[in-house]
Amino acid sequence: MINNDELQAMWGEYGKRLDASLKLNAVLLQQNNLDRAEHALRPLMVGLGWEIASNAFSLLLLGWFVADNFTQPRFSIPGGVLFAVAWLALIACVQQLVTLRRIDFEEPVVAIQYALERCRFRRIQTTLWLLFAAPLVWVPLLIVGGRAVGFDAYALGAGYLLANVAVGLAVLGIGMILARKVTAGKSRLGDLLAGRSLDAARERLDTIARFAEE
Amino acid sequence: VEATFVRLLEEHKALLFKVANAYSADRWQREDLVAETVAQLWRSFPHYDPARRFSTWAYRVALNVAISFRRSERRRSVHLVEDPIIIEDIPEQSDSVHDFESVNALLAGLNDFDRALVLLYLEGYSHAECAEILGISTTNVGTKLNRLKNRLRRDFAAQRAEENIS
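These protein sequence lines map, in sequence, to chains A and B.
Reminder that position 104 of the first sequence reads as 1064 in the numbering used here, one-by-one numbering, no gaps.
Reminder that position 152 of the second sequence reads as 183 in the numbering used here, one-by-one numbering, no gaps.
No wet-lab data here; the hints were simulated from the structure.
Predicted model, so just to flag it, every value in this text is computed and none were measured.
Where hints are given, some of them may not hold.
Straight-line distance between alpha carbons at most 25 Å, and here's what the computed SDA-like set of lysine to any residue pairs gives [as the list claims (entries may be wrong)]:
(1) A:976 with B:55
(2) A:976 with B:37
(3) B:180 with A:973
(4) B:180 with A:969
(5) B:180 with A:1173
(6) B:180 with B:166
(7) A:976 with B:176
(8) A:1146 with B:139
The task is simple: from the sequences and hints, build the whole structure.
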């Protein structure tokens, strides 16, 4: 049976051969690559920046709406509900962006990977939370949006509004049942709805925590 | 600065190749990973302290990039360069290539963090250096390495026995 020193020596030997056989394309590297180098997390940070901007814009509009309809609770309460949802979504995005901006790939591997995974876990949680809230948020959105364009959604009747919530919840429920039947990894939405993405993120957090434990 | 960076990279190009090989299954992903690691090393280079070993610093960055790269569900749709081949691998037929592939096959069976530790061990880093790169205690490195070395030895023997049968 091979011992570990032999394994290490074998690896060292291959390292020497690699040094001789690999060719660094220094010209290509200097001409094209270095100037364009961007942070590996930049696409995610740009996405979060857009989400923060759109949430802040929604907050401004909703704040104005609530102030404008303050004396009419039938409009200010749905407006307040949407304001609270937009505020929570904004906080979640800002927290994630702050975490990502603190990520420095020169720091020890375990700490950085735990922070990244924690951020991913929160992102999945926020998306799920927004997805489940959507059927309930739809009715206040209809009332507020209607009011903004001069249409009174209350005129549709309480039955119609409740039916909207029921249909939204039913679609979500059916979506979750179907998602569980879709093979893992085939669809991001499927994995999200079936809870597989959250489970995977939780499992990775556990793996990192176990690795860091004595 | 750029010339110094390229010189250091030239001296440690095998490191990039080994990490990329350990964390990506196919050639195209490996080349993307090498490109991404080089980009991150270059971005971090202004903070590099020349009093420290370049390889230790580069390993931290490379492992962080590699593990993050594996995690991301969606690969980068745009390459850093049109043809991202920064390191060209000149194929070689020898026993050491076979050995390298065998060791990589063993690494593939480990989780990302155990894999990083074994990689550092194979590179000959001390327990203290492994602890510094990974951010865990030296005692923890020792305990984990003992367990992993036994597993590696057992798996390698099983792999060889299988090869002999076939």
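Here is how each hint holds up against the structure:
no., hint, in the structure
1, A:976 with B:55, "holds, 21 Å"
2, A:976 with B:37, "holds, 19 Å"
3, B:180 with A:973, "holds, 19 Å"
4, B:180 with A:969, "holds, 14 Å"
5, B:180 with A:1173, "holds, 18 Å"
6, B:180 with B:166, "holds, 20 Å"
7, A:976 with B:176, "holds, 24 Å"
8, A:1146 with B:139, "holds, 23 Å"
In terms of the numbered hints stated before, the structure departs from none.
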